[in-house]
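Given the sequences, and given the hints that come with them, work out the whole structure.
Quick mapping for you: the protein sequence lines, in order, are chains A and B. The working numbering applies: residue 103 is where the first sequence begins, and numbers increase by one. The working numbering applies: residue 103 is where the second sequence begins, and numbers increase by one.
A portion of the hints provided could be inaccurate.
In this list, chains with the same sequence are indistinguishable; a pair is considered to hold if it fits within one copy or across any two.
As the list claims (entries may be wrong) - Here are the simulated DSBU-like cross-link-like pairs (lysine-lysine), alpha carbons at most 30 Å apart as the crow flies:
id	residue 1	residue 2
1	K342	K244
2	K257	K238
3	K369	K257
4	K354	K257
5	K389	K369
6	K354	K238
7	K244	K389
8	K257	K240
9	K244	K369
Source of the hints: derived by calculation from the structure; they are not laboratory data.
2 protein chains.
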Amino acid sequence: MTDNPFLTTSTRNTVAEFTREEVALANRNSGALLETLDCDVTPTGLHYLLNHFDVPVLSAADHVLEFSGAFDAPFSLSMAEIIDLPQITRPVTLECAGNGRAGMTARPLSMPWMYEAVGTSEWTGTPLAPLIERAKPKADVKDFAFIGADFGYDKGVPHFYGRSLTPDEIAQLDVMLVWGMNGAPLLPQHGAPLRLIVPGWYGMASVKWLTRIEALTLRYQGFQQVETYRFRTHEHDLGKPVTRIHVKSLMKPPGVPDWFTRARWLKPGPVTLTGRAWSGDGVPITKVEVLLNGVWQEAELSAPTDRYAWSAWQIEWQATPGQHELACRATDAEGNVQPLNASHNLGGFANNVVHRVTVHVAEPTA
Amino acid sequence: MTDNPFLTTSTRNTVAEFTREEVALANRNSGALLETLDCDVTPTGLHYLLNHFDVPVLSAADHVLEFSGAFDAPFSLSMAEIIDLPQITRPVTLECAGNGRAGMTARPLSMPWMYEAVGTSEWTGTPLAPLIERAKPKADVKDFAFIGADFGYDKGVPHFYGRSLTPDEIAQLDVMLVWGMNGAPLLPQHGAPLRLIVPGWYGMASVKWLTRIEALTLRYQGFQQVETYRFRTHEHDLGKPVTRIHVKSLMKPPGVPDWFTRARWLKPGPVTLTGRAWSGDGVPITKVEVLLNGVWQEAELSAPTDRYAWSAWQIEWQATPGQHELACRATDAEGNVQPLNASHNLGGFANNVVHRVTVHVAEPTA
Numbered sequence: 103m104t105d106n107p108f109l110t111t112s113t114r115n116t117v118a119e120f121t122r123e124e125v126a127l128a129n130r131n132s133g134a135l136l137e138t139l140d141c142d143v144t145p146t147g148l149h150y151l152l153n154h155f156d157v158p159v160l161s162a163a164d165h166v167l168e169f170s171g172a173f174d175a176p177f178s179l180s181m182a183e184i185i186d187l188p189q190i191t192r193p194v195t196l197e198c199a200g201n202g203r204a205g206m207t208a209r210p211l212s213m214p215w216m217y218e219a220v221g222t223s224e225w226t227g228t229p230l231a232p233l234i235e236r237a238k239p240k241a242d243v244k245d246f247a248f249i250g251a252d253f254g255y256d257k258g259v260p261h262f263y264g265r266s267l268t269p270d271e272i273a274q275l276d277v278m279l280v281w282g283m284n285g286a287p288l289l290p291q292h293g294a295p296l297r298l299i300v301p302g303w304y305g306m307a308s309v310k311w312l313t314r315i316e317a318l319t320l321r322y323q324g325f326q327q328v329e330t331y332r333f334r335t336h337e338h339d340l341g342k343p344v345t346r347i348h349v350k351s352l353m354k355p356p357g358v359p360d361w362f363t364r365a366r367w368l369k370p371g372p373v374t375l376t377g378r379a380w381s382g383d384g385v386p387i388t389k390v391e392v393l394l395n396g397v398w399q400e401a402e403l404s405a406p407t408d409r410y411a412w413s414a415w416q417i418e419w420q421a422t423p424g425q426h427e428l429a430c431r432a433t434d435a436e437g438n439v440q441p442l443n444a445s446h447n448l449g450g451f452a453n454n455v456v457h458r459v460t461v462h463v464a465e466p467t468a
Numbered sequence: 103m104t105d106n107p108f109l110t111t112s113t114r115n116t117v118a119e120f121t122r123e124e125v126a127l128a129n130r131n132s133g134a135l136l137e138t139l140d141c142d143v144t145p146t147g148l149h150y151l152l153n154h155f156d157v158p159v160l161s162a163a164d165h166v167l168e169f170s171g172a173f174d175a176p177f178s179l180s181m182a183e184i185i186d187l188p189q190i191t192r193p194v195t196l197e198c199a200g201n202g203r204a205g206m207t208a209r210p211l212s213m214p215w216m217y218e219a220v221g222t223s224e225w226t227g228t229p230l231a232p233l234i235e236r237a238k239p240k241a242d243v244k245d246f247a248f249i250g251a252d253f254g255y256d257k258g259v260p261h262f263y264g265r266s267l268t269p270d271e272i273a274q275l276d277v278m279l280v281w282g283m284n285g286a287p288l289l290p291q292h293g294a295p296l297r298l299i300v301p302g303w304y305g306m307a308s309v310k311w312l313t314r315i316e317a318l319t320l321r322y323q324g325f326q327q328v329e330t331y332r333f334r335t336h337e338h339d340l341g342k343p344v345t346r347i348h349v350k351s352l353m354k355p356p357g358v359p360d361w362f363t364r365a366r367w368l369k370p371g372p373v374t375l376t377g378r379a380w381s382g383d384g385v386p387i388t389k390v391e392v393l394l395n396g397v398w399q400e401a402e403l404s405a406p407t408d409r410y411a412w413s414a415w416q417i418e419w420q421a422t423p424g425q426h427e428l429a430c431r432a433t434d435a436e437g438n439v440q441p442l443n444a445s446h447n448l449g450g451f452a453n454n455v456v457h458r459v460t461v462h463v464a465e466p467t468a
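Shown next, in the form of structure tokens:
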């Protein structure tokens, strides 16, 4: 069997690079399966999951959302009252800020995502901005904090997961309060019964298990706002905050996999390569290029189903025997393009390097 | 902050033990979240997933199950015809044969599960045995092969995922043909539109994306039957096949986690420890013991909701300041008990060593 070009055990990487704690996180958190990139909507249960603390299993019947702090007309809403509000459903592509972390050199110790921390779901909820208006923020409000029910420690600091958005950000972003996902009630691990969706931003902003919206006359100083999710270059660098998603594309790996290495095997002949591309803040994708036989070639791009949903792309390729390195890179309407090499920051955020896929083309002999 | 007993960065393990390929598998495949062990039924989307090859996204409208080979009355069924068959729904606990592999010394390179590859779902389908009878197996049939639509390579061998059961096993096991999970249609990643559920056996037997049942007059020689899922002690050992689930218990980790290390933090005082226990072949759990302050103490056990579903257990503990190592171990009605140390086999299968959980008890100071 040693002449079999599909025999891949010899190509196994035996260098240990990751700690037990990183693997425990990878077992807990889960990525999309790239072979489902053909689906406009990521199948339920395959949307990526990144949860900082334990998933709280909450009762919708008891759940209350409280508007508190510097509001003139603070109020609380039960889930029954929230579900009675004007309802919208829209597909939104979410990506974890740490997606691609494991592709960085000098990788920080955290969840070791490669390419898979992305997904598109149909979110059902209500626009947030009218509710903030209804609570009448005082004139000197500078920030709105969004607090989840999930609690734990990070770097010794106990806290409920929380994030904030400024009044300007609330005005500019189409933030939703969400209770439904793909036509069904939100699942516990995705924030049931109520979460935020901040379209166009990395996932850390879309607070799950939302219990409280607090109006603040100073900027919010929660751990997840000021201590992490920042582009820091050294220990004492405060860093700019991580906000909108960076332009990115992924390829559905062509052919079939080897179980362990996930090496891809293809027969020679024509093959349609497909994938997805997206950017942040609703900025459209204008171009996807695919590296075929060493030359970047422009793929055919489909219109997204929503401003905040990913675009599909495809391109034909004539697969010839041998090993090939394919890659894809997207460009958005602001001229942002994916880099050929990963940048670096201490937290390992927003690595949008081009997606490379190695394929082996041969007639099967086994 | 250095006096804070909840500061855990100093306890981070920085030894790299795992390869990039293991981590890629851990990102693809997903485990249950142990904090949801209180739920009788694992929330949809959190049931463990171990898929060898790419998930095929199949159309139920086009799907056909074929009975072929050494049958006197072979036939095929559409999904519409299958869903018209007598319907049963039952909760079944499934566990991956590789669960616990990462806890073995001399770990084989494969999916690096720790404790999380287990789940209980309500499966809806029809009993398989009457359909096998209807196809009239010839008198000399020795095996039934179950072939999935998922295709790929393992150790250089291309194959559709397939497994077999003997006529005796079909007679003894309550095998189901399944199209529903937790009251909804089967999800693509769990085998839609049709899969096998073999209650009481490790998950490798429950073939997904089932396309064909073939009656064989010789034993099935498929890769997944003869080359893997065997208890092998050395390279040339054929090994006994992996079949029924070994007795096991898990504890819902008490307290709250540190994000990265998942170390558990508790306040001093009374705490109810809870968890689940299960064994194979429908053998009931008769005892769960929990290691508290160095002494094994018997927990209170609840009856399972079904013969093939896990049992809940609980025990009270008075948490005192300091670091404690808790553990749980189950015993089944056949007297099988979880070992204190992991056994070893080349494939890393069926590690049912006791579940150990380290907790730090202190009054929060931050």
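Hints, one by one, checked against the model:
1. K342 <-> K244: within (18 Å within a copy, 67 Å between copies)
2. K257 <-> K238: Close neither inside one copy (36 Å) nor across copies (65 Å); limit 30 Å.
3. K369 <-> K257: between (50 Å within a copy, 18 Å between copies)
4. K354 <-> K257: between (37 Å within a copy, 23 Å between copies)
5. K389 <-> K369: within (28 Å within a copy, 55 Å between copies)
6. K354 <-> K238: neither (47 Å within a copy, 43 Å between copies)
7. K244 <-> K389: Neither. Shortest intra-copy (38 Å) and inter-copy (57 Å) distances fail the 30 Å Cα cut-off.
8. K257 <-> K240: neither (34 Å within a copy, 66 Å between copies)
9. K244 <-> K369: neither (59 Å within a copy, 35 Å between copies)
Violated hints, listed in ascending order, are 2, 6, 7, 8 and 9; each of the other numbered hints is respected by the structure.
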